[in-house]
Amino acid sequence: MPSQQKPRSVIVIPFYNHSTSLLDVVSGALEVNDSVMVVDDGSTDKGADTLAKLSVHFIHHEKNLGKGAAIKTAAKEAQKLGMTHMVTIDANGRYNPADFHLFSTALENKPDSIIIGRRNFPKSEVPALSRFNRGLANFWFRIQTGRSLSDVRCTYRAYPLAVLNSLTLRTRRNSFEVEVLTKSAWAGVSLTEVNLSNYDHRSDRQKFSFPQVIDNLRVFLFNFHLTMRSIVPWPHQKLIGQDQSKEKITVLHPLRSIKTLLTENTSPKQLATSGALGVFLGTFPLIGFHNIAILFAAGYFRLNKVVALTTSGLCVPPLVPALCIEAGYFMRHGTFLTEISIKTLGYQALERVYEWLLGSLVLAPILAGMAGGIIFLISLFLTRNRKNSP
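At position 184 of the sequence shown (counting the first as 1) the number is 292 in our numbering, and the numbers step up by one without a gap.
Source of the hints: derived by calculation from the structure; they are not laboratory data.
It cannot be assumed that every hint is accurate.
Unchecked claim - 30 angstroms max Cα-Cα, derived DSS-like pairs, lysine-lysine: (1) K161 with K218; (2) K114 with K154; (3) K114 with K171; (4) K188 with K218; (5) K184 with K171; (6) K154 with K184; (7) K231 with K188; (8) K451 with K346; (9) K346 with K184; (10) K180 with K377; (11) K231 with K346; (12) K171 with K161; (13) K218 with K451; (14) K180 with K161; (15) K188 with K161; (16) K231 with K180; (17) K218 with K346; (18) K171 with K154; (19) K114 with K346; (20) K114 with K231; (21) K188 with K346; (22) K184 with K161; (23) K171 with K188.
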């Protein structure tokens, strides 16, 4: 859904009991942008009274619904006011409202992108736990989407309202900011980062409170849900680049499957790498866990999961495991295993699994290279034929 109009942005500041910092944040926002929207998410500390003399769009929730709910409310209201984008900033005073110009400049160049701030994390100022949490969030986002971001946890962001109001977003609290990034990536929306000039790390050192523990647990569980959803080969909601192909991808019809995938803007290199990954992991004795490992790895490296799963089917017993066991047996004893009996396959089963592992260390890269090379050559041939055909 490419945008054709010049961005019109409103700064949105959701707050819940931030009376000590709210006025400074809102005043700073008004200095850099005329349109500022404040959402009181059921506060009880009378912080809204400090804004009485300021010209802002004010929204009030009768009870605390959560930060995600506040952002959703603001998005709908902003669209009614004729805005095209919203820039969200926390009311706790940790972000600098003057950085708004970084987002407005980025939106002029990429109006259809979600812009995410990138905080500076100097080791001398930031606790190890905060750095670990940041890295963990980035890692899970990479697993879930195949995309890399430096600071998934940063909440200073700019959203196109057309994207925000079109996505199916189910969470209402802090998990919302995890959900919106992941589902935007699944939907094909561009994600861009900008370096923030300043971020206050001092409150990173504050002691944990029970509500914080609950929030962190809620985010962890939702991240787990998104990760499980990401490995299920079921289509995600698409806003950009909707896949129209209905052809089934199967190892029984490799040429037809490759042709279908090539019409989906999948390059020969990506197809070959995906196929090689499936064969590589399929060779190892990951009994009962092959598909899960392949889906996780394909997600992390942003490869085609269907191709990886399909090619792993070439490694099903008995051929590839038998080759690996023979190679592993030879590495251990200097001869090949020629006896097939209850003793060698039953009583000595653990030894065979160990030899399977040893053999796979040698054969996995060889078989993966062969599979990847064959897929690449076939894909290249089909691509050239398609270009040359009238």
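Numbers of unmet hints, in rising order: Hints 1, 2, 3, 7, 8, 10, 11, 13, 16 and 20 are the ones this structure does not satisfy, whereas the remaining hints hold.
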